[in-house]
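Residue strings, one per chain:
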Amino acid sequence: MSLTVVKNATCTFCGCVCDDIELHANAEKIVATKRACSLGESWFKNHTAERLYPEALIDGQEATVDAAVEVAADYLVNANMPLVYGMSNVTCEAQREAVSLAELVGGIIDSHTSL
Amino acid sequence: MIYWGGNPAECHPRHFTKYSLTQKGKFTPNGRKDRTMVLVDIRETPSAKAADLFLQIRPGKDFELISVLRALVKGQRVRADAAAEIGLPMQQVHDLVGMMKAARFGIIFFGMGLSMTRGKHMNSAGVLMLAAEMNAFTKFVAMPMRGHGNVTGADVVMRYSTGYPFGVNLCRGYPRFNPGEFSTVDLLVRGDNDACLVLGADPGATMPQPAIDHLARIPTIVLDPKVTHTSRLARVHITTAVTGVSAPGTAYRMDEIPLPLRPALKSPYPTDEQVVRRIREAVQRRPAWLPGRNGKHGNLVSHGM
Ligand code: SF4
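In the order they appear, the protein sequences are chains Z and A. Residue 65 in our numbering is what sits at position 65 of the first sequence, and the numbering runs on without skipping anything. Residue 311 in our numbering is what sits at position 196 of the second sequence, and the numbering runs on without skipping anything.
Simulated from the structure, these hints should not be mistaken for lab results. This structure is a prediction, so every number in the text was calculated from the model and none was measured. We put the beta carbon where it would ideally sit given N, CA and C, even for glycine. Among the hints, a few may not be true.
Said to hold, decoys possible - One-sided and incomplete, this derived list gives chain Z residues near chain A with beta-carbon spacing under 7 Å: (1) Ser2; (2) Cys16; (3) Leu39; (4) Ala67; (5) Val71; (6) Ala79; (7) Ala98; (8) Thr113.
What the hints assert, rightly or not - Listing some non-contacts, in silico: residues in chain A with all C-beta distances to chain Z over 12 Å: (9) Glu179; (10) Val193; (11) Leu348.
Throw the hints in and build the complete structure from the sequences for me.
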């Protein structure tokens, strides 16, 4: 089985965001993590590219992403004071989208910082 | 170098070796030997082994120690029993002030043990003031020890897009900032908001129970690589790719250096970015939001407001 090697990969498990990690991965999972600490190693090895969860759930029932996106949009549009919260384990690009969504629905946006 | 209310040996394992303590620098050619490390905490964590001086203070006395330090730094007199209340011999506090002033470049890394205990943001403000005042004597900075991956990025993105780092209310169409009023736990505990989009977090596992109860009452939407505690009480869950493992993008290090992510895997799921964009586009296809559109302020509107 061929291994992909990613040099200088970035670990986002803790605030150190080490960017010197060498990852060895096959199609499904990461098999080796050079230079990562034990926390980083388990973070990388814990996440696989397998399909472990349904792509979306609406009221606990499996659904398509398309349907879930529409339902989510309805909830947010119909709310008087929606809250967008979290944003710690997502990329800056996703955070930007989240800010513009919060602005569009006239909501509040907040991150882990406030805890 | 002072670590305050944090346990980097266990929570940020490579902080010492990659950044702060043992790296050799232009002015610290001998690495660790050129540095003095002080740890302030309420219990002796594994990080204490790495410290030259460990100050064990009584729980909830962080603010008192900050105040005493600020006074001593400025040469003001401090009552001798002030140190006893903090749980330290006065001599140790004097030693610490001496060390801080003798440093060529000092830093205080402050963790959750400082900012989440009695005093909360007043403690953080105190540490920042202390670092600022130390600049009358030497170069001194303070930096929070950030936890999860990209919280720093969230601060930066919200700062440059809204002007405030967190807890931003856009209900009136312009940003307003008021921690304690527009911060998540307070909002949820008071039951103010009537819908919630959670991304890259699991408040269902970490927040106080009244907040979780409110999340279960209102329509909650969760975007996460896993079906989390929050997903189980949410109306909508969408599975997304894992940031940095199978989703590309940018993340900020705790010292606000943006770093590109280099994912090693291809996820069968869309990224958070793609999903949030699709929700935004779906919102844009709906009629524009107006006060009273969903009836709750209907009478205000019909009376001409
Ligand atoms: S490798 Fe370890 S220290 Fe570095 S970011 Fe990952 S968890 Fe943090």
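Right, here's what the structure says about each hint:
Annotation: Z:Ser2 was flagged as interfacial toward chain A, and the flag is violated, the nearest CB pair being 13 Å apart, outside 7 Å. For Z:Cys16, the interface hint holds, since its Cβ comes within 7 Å of a Cβ in chain A; the closest pair sits about 5 Å apart. For Z:Leu39, the shortest C-beta to C-beta distance to chain A is roughly 6 Å, which falls under 7 Å, so the interface hint holds. A hinted interface residue such as Z:Ala67 counts as satisfied when its beta carbon comes closer than 7 Å to some beta carbon of chain A; here the least separation is about 9 Å, so the hint is violated.
With its C-beta approaching chain A no nearer than about 5 Å, Z:Val71 sits inside the 7 Å limit, and its interface hint holds. For Z:Ala79, the suggested interface contact is upheld, since its CB lies about 3 Å from the closest CB of chain A, less than 7 Å. Interface restraint check for Z:Ala98: the shortest CB-CB distance to chain A comes to about 5 Å, inside 7 Å, so the restraint holds. Of the supplied interface hints, the one on Z:Thr113 holds, with its beta-carbon coming within about 4 Å of a beta-carbon of chain A, less than 7 Å.
A:Glu179, annotated as away from the interface, keeps every beta carbon of chain Z farther than 12 Å; the closest lies near 23 Å. In this structure A:Val193 is separated from chain Z by more than 12 Å, as the shortest Cβ-Cβ distance comes to about 33 Å. The Cβ of A:Leu348 does not lie farther than 12 Å from every Cβ of chain Z; its closest approach is about 10 Å, which violates its non-interface assignment.
Hint violations for this structure: numbers 1, 4 and 11, all remaining hints satisfied.
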